[in-house]
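Residue numbers (our numbering), protein chains in the order written: chain U, 1 to 286; chain V, 1 to 216.
The set of hints was computed from the structure by calculation and includes no laboratory data.
Where a beta carbon is used, it is the ideal one built from N, C-alpha and C, also for glycine.
It is possible that part of the hints are untrue.
Stated by the list, open to error - Computed spacing ranges between beta-carbons, pair by pair: (1) G203(U) x V16(V): 23 to 31 Å; (2) I12(V) x G203(U): 49 to 57 Å; (3) V188(V) x D177(U): 23 to 31 Å.
This is what each chain is made of:
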Amino acid sequence: MTKASSEGIWEKLQSIDSRVIYLLMWVVVLWPLMSPINLPVGVGRQSKEYFEWVDSIPDGSKVVFSYDLSFAGLPELGPMSVATFHHLLEKDVKIYLCAYWNSGADIAQDDIELLKPEENYGKVYGVDYIHMGYNPRGETGMTQFAADVYKAFPNDFVNNRPLDTYEIMEGVHGAEDFDYLISIESGTPGSPEWVRQWIEPYGIPFSIGALGVSVPGVAPYYNAGQIKSFIAGLRSAAEYEMLIGRPDVAMAQQDPLSTTHILVIAFVAIGNIAYFCTRSKKGGGS
Amino acid sequence: MSWYRRIEVPIILTAVCCIFQLVPYFVKVPGWQTAAEQMIDWDSVMETFATFLGFITLLMLHGRMVSQRREGWPFSAWILVTMVVYTIIGIPLKSIGLGKGTALFEDIRMYVLTPLSSAMYASLGFWIASAAYRAFRARTTEAAVLLISGTIVMLANAPVGTSLWGGFAPLKDWIFDVPNMATMRGVVIGAALGALALGVRTLMGKERGYLRGGGG
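Based on the sequences and whatever the hints tell you, model everything.
Okay, structure coming up:
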């Protein structure tokens with residue numbers, strides 16, 4: 001009787017109802033948001049490299065900052081794009097915003113409205129930075145941008161004025177006129193396409209911000225030096241916010257990140273313990 | 001059969017277009033470069049037409065689903081409504097409050113599209129929690145290795161893990177730099193070789209999957 005009931009417990013622990021897991025996930029997400037634990041966040045190697053890379057961009061450089069992200073990826077990538085844009089605005093560089101995902105242009109516009117470059121950084125639209133808009137043609141559009149920026153982005157996004165009427169565009173024709181490239185990206189088109197059309201043919205230094213799940217795919221390009229540095233996932237975004245001295249949304253989400261990870265690990269451990277207990281009992285009985 | 005309906009015509013067109021784009025990638029020939037750029041402009045025009053064609057195809061497909069009351073037809077009806085309404089809202093007629101940048105368009109984007117898209121992605125977190133619990137079982141040595149490396153990466157990604165033990169971060173870096181990098185490099189090189197083989201077959205007219213549904 002005791003043996004049967006104990007076997008029942010282990011079997012039950014191997015098949016906990018999904019709804020119980022979902023409910024507990026809700027609890028561990030909401031609880032730290034309502035009463036933060038404020039666990040310390042250490043800075044990792046990758047975030048430090050990305051910070052140093054952006055920080056070392058020399059004055060007067062022309063930086064393409066591409067918003068290749070979707071609304072769906074916004075919770076994870078949004079803090080990175082805001083932090084990177086802030087970091088660039090603090091420097092004396094020319095910023096060329098563009099997008100190869102349809103939602104990217106709107107997100108870039110939201111970042112402009114959030115950071116207010118004129119009020120907070122003393123920058124002038126069309127002189128220090130410009131929003132070139134969205135190019136819907138993916139990799140072909142990147143090739144087009146490399147060959148002739150005015151064909152890829154005929155008018156700017158903010159005023160719908162011809163791009164060549166802005167001061168910032170003086171002496172700019174194609175990829176060879178830009179010095180750096182940064183892409184915050186959700187998927188395809190993203191870094192492999194930029195590497196094929198911009199990095200290999202023109203040798204432009206390139207860094208990215210990516211989703212946490214994209215990390216394995218970034219590895220070969222990073223190791224080959226085609227991607228100089230990268231941040232991936234909410235943890236890296238929080239570390240980068242710390243490094244630029246502007247803790248924001250990503251930092252606020254670090255506690256739920258911890259609690260949810262712990263919950264997943266706890267469930268994986270429960271499942272495995274139950275599995276081994278059931279197996280050993282079955283093995284012992286036979 | 002008319003000459004323009006012959007299978008050789010699209011094969012020759014594909015081969016010519018491929019060569020036009022391939023050569024300037026490796027060799028700088030001024031005239032050729034201009035021609036290649038011109039072809040990219042053609043491609044842009046064609047893609048714009050393809051978007052319009054996609055819109056019409058979706059209308060026809062879901063219109064048929066609704067008219068024949070097939071299973072799940074209310075979802076098709078909802079797609080048609082949202083597609084048509086948002087298209088109308090997006091027509092650039094600012095004088096009557098339509099088009100990008102107007103309050104109506106931007107509010108739908110900000111308060112409907114953005115939260116719905118984010119919620120879709122965020123719901124993955126719940127699925128992953130449930131799936132990890134069910135699938136992450138150390139049944140074999142390989143599964144045990146996956147389980148241990150996955151747990152280390154999770155602990156290194158969460159502040160609680162690195163607060164408990166600082167060694168999780170270097171361990172995660174090693175997993176990223178060595179086994180993951182080696183595997184992904186193999187995958188990327190394999191995929192590139194596959195794409196190269198496909199490209200050569202297409203150029204030679206041996207790959208016909210993109211023509212007439214694969215027919216010859």
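For the hint 49 to 57 Å, verify it against the beta carbon of I12(V) and that of G203(U).
Roughly 35 Å apart at Cβ, these two residues miss the hinted range, so it is violated.
With respect to the beta-carbon atoms only, verify the hint that V188(V) and D177(U) lie 23 to 31 Å apart.
Holds: the Cβ-Cβ distance is about 30 Å, inside 23 to 31 Å.
Is 23 to 31 Å respected by the C-beta to C-beta distance linking G203(U) and V16(V)?
The hinted range 23 to 31 Å holds for G203(U) and V16(V), with Cβ atoms some 30 Å apart.
Violated hint for the displayed structure: number 2, the only one.
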